[in-house]
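Peer 1: Chains as they are written, first to last, in the UniProt record's numbering: chain A, 1 to 361; chain B, 1 to 361.
Any given hint might turn out to be false.
As the list claims (entries may be wrong) - 30 Å max Cα-Cα, derived DSSO-like pairs, lysine-lysine:
(1) B/K73 <-> A/K234
(2) B/K89 <-> A/K73
(3) A/K61 <-> B/K32
(4) A/K234 <-> B/K343
(5) B/K73 <-> A/K89
As the list claims (entries may be wrong) - Pair ranges (Cβ atoms, derived):
(6) B/R54 <-> A/E28: 43 to 49 Å
(7) A/A58 <-> B/L314: 43 to 49 Å
(8) A/A58 <-> B/W198: 18 to 24 Å
(9) A/V361 <-> B/P147: 48 to 54 Å
Hint data in this document are derived by calculation from the structure and do not stem from the laboratory.
These figures come from a predicted structure and were not determined experimentally.
Quick reminder that beta carbons are idealized off the backbone N, C-alpha and C, glycines included.
2 protein chains.
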Amino acid sequence: MQTLHVELGDRRYPIFIGSDLNPQELLEPYIKGRQVMIVTNTTVAPLYLDRYVRAVEALGKTVETCILPDGEKYKNIEHLTHIFDALLKVGFNRDCTVLALGGGVIGDMAGFASASFQRGVYFVQVPTTLLSQVDSSVGGKTGINHPLGKNMIGAFQQPQVVLADMSQLKTLPPRELSAGLAEVIKYALLGDIEFLAWLEEHMDGLVAGDEKLLAEAVYKSCAHKARIVANDEKEQGERALLNLGHTFGHAIESYLGYGEWLHGEAVATGMVMATDLSHRMGWVSEADLERTKNIISRAQLPIICPKIPLDDFLGFMSHDKKVLNGQLRLVLMKQLGQAIITKEFDVELMKQAILANQDIV
Amino acid sequence: MQTLHVELGDRRYPIFIGSDLNPQELLEPYIKGRQVMIVTNTTVAPLYLDRYVRAVEALGKTVETCILPDGEKYKNIEHLTHIFDALLKVGFNRDCTVLALGGGVIGDMAGFASASFQRGVYFVQVPTTLLSQVDSSVGGKTGINHPLGKNMIGAFQQPQVVLADMSQLKTLPPRELSAGLAEVIKYALLGDIEFLAWLEEHMDGLVAGDEKLLAEAVYKSCAHKARIVANDEKEQGERALLNLGHTFGHAIESYLGYGEWLHGEAVATGMVMATDLSHRMGWVSEADLERTKNIISRAQLPIICPKIPLDDFLGFMSHDKKVLNGQLRLVLMKQLGQAIITKEFDVELMKQAILANQDIV
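Please put together the full structure from these sequences, using the hints given.
Peer 2: Below you can see the structure in the form of structure tokens.
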């Protein structure tokens, strides 16, 4: 087991990364108060809920559960309300802990619920997908979608502790494992060319679910993100680099309707578009664009998206949170492994980069 | 005009208190970003909305408005959603300001919307009721009600600036002016016996709407609250003193249904119950209990509530946020002008204090 500390002053917290972790032992110092609400979904509950209920009960806590339907399309205000209803029906007070057991959707919703229930209670994360282990474990971003945009309503809420158990990835569908690898690849592309080489060497093992390799990839990704977040918790600057591929990706997800494509899949194609635009801007070589497409393909991820009318695509991009003062800012690459945030790009080339990586039908 | 600074480190902000304030001049340094959403209600809009739209437009900002129905019963997730809808329909981004123009309900809802829209945008408060001028201007508590409890969902969100204009109280119904005086009296009872003497001297002028006296009462109350909040922003300790009368009051409001009684009216009777229990505990003399009832009565506030079955009353009290680890904590008075937070009270005497201050019919 490896331990990574996210350094946020008095909100510093550990991420435990390994296989077959002992939840009772690891959670014990971090569960505050008497009451714990475990929020999970209908897919994860039959697999792992009992394990965590027993672990928390063994700590002498009152445990209640809230089981939501599985999927990004339920990440809305209606299902957020179910969590509040569950907390209030059992009379939980402001001294309780909300434990998220599931993927990014559960983490985002349970996290936002914990941030706003009684104006803030304790939060613990047990991410059960690769995507949420690398992405949601660090950074404190929580929230829900709105029909007019993704993650439009939410809060910054840091957990007390994160348990990232690779043995729980055994039950993850291969498509979701790949979606998680998209975010792993992102860290390499945006700032760590050596990590990209490591991924090129080990991609087959990662796709096959090798737990040791996955733990290493999660550790490296979280360490990368933790460094960036510690410098810029509220996304005033550097943190926006983490959005590589996301502005394009959000447009894809928004157009297709949340849940059609996995978030990681949309980000994967979004990263291709960002790299393609960086290439058209003269910053990234054709060979490096191919190298990017290649590692994404090898992770079993899409490098083109379905045909989306350009006006729709651009409309959804302009609803992205990265828009500042009406000006679209994009995360592009000055060279492979070195991302920048910029408003200085050619809009015509951006349109070309979008169209070049769409299905032509 | 008087200026009071609420000292919260890098979230320090000013409250401007006076009559016929100039909004354009006072808001200018504090409105961030290009876009301003003014949230108000159907009662306030015809009176003051134009004035603030013009002031903000004169600053060169894009101004949009969101007009909610008036009343505590609309302080729910459905109407909160209206604010998000309004923000997204006009394409506002994370660099916008939400300006609350109205009483406590508008301040709480607009404040929570600003805390959670895009995980947090800027917030400006223009409280138009006496209650919100003394209570909501300081402390950053925002939120909405849930069918199972008041203010159960929310956030701590500090404004950039607060404008408390006494001339806007001219249009306030007398019943609401009195409700505001309940919170003013609270500051005297919980910690400032000299302020109580000042109120006894000036209560008739306050009830008559004397703007100079009202400005002085708002300044003293806000200064009192600001001192407490600066020491204890997240209500870990001392800040809970501000809940004098509120646990009893919440039970009254919850039983009657939000909106039947004004919040200040429920708090008024709640303060009588808290003082009555303090008297029964042997801490407050009978004369001081009468003095408390007397100043509350002179403010045209109720000192008894309608008949509420005791079990219901106790049930609603136990849903209050002040319950910690299943133990009810109350704000009581060791002597008049000196409140304490305590679990050490006799439950039988508490029941007597509730029953003694209810309508007998």
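Peer 1: Regarding A/V361 and B/P147, is the given constraint of 48 to 54 Å on their beta-carbon distance met?
Peer 2: 50 Å, holds
Peer 1: Sort out whether A/K234 lies within 30 Å of B/K73, counting only the CA atoms.
Peer 2: It is violated: about 34 Å lies between the C-alpha atoms, which goes past 30 Å.
Peer 1: Take the C-beta atom of B/R54 and the C-beta atom of A/E28, compute their distance, and say whether it sits inside 43 to 49 Å.
Peer 2: 59 Å, violated
Peer 1: Given the hinted pair B/K73 and A/K89, is their Cα-Cα distance within 30 Å?
Peer 2: 20 Å, holds
Peer 1: Does B/K32 lie within 30 Å of A/K61 when you go C-alpha to C-alpha?
Peer 2: Status violated; Cα separation ~45 Å.
Peer 1: For a C-alpha distance cap of 30 Å, please report whether A/K234 and B/K343 respect it.
Peer 2: 38 Å, violated
Peer 1: Looking only at beta-carbon atoms, does the pair A/A58, B/W198 fall within the given range of 18 to 24 Å?
Peer 2: Given a distance of about 58 Å, which is not inside 18 to 24 Å, the answer is violated.
Peer 1: For the hint 43 to 49 Å, verify it against the beta carbon of A/A58 and that of B/L314.
Peer 2: Violated - the Cβ-Cβ distance for A/A58 and B/L314, about 33 Å, lies outside 43 to 49 Å.
Peer 1: Would the pair B/K89 and A/K73 pass a check requiring their Cα atoms to be no farther apart than 30 Å?
Peer 2: 20 Å, holds
The structure fails hints 1, 3, 4, 6, 7, 8 (numbered hints given earlier, in ascending order).
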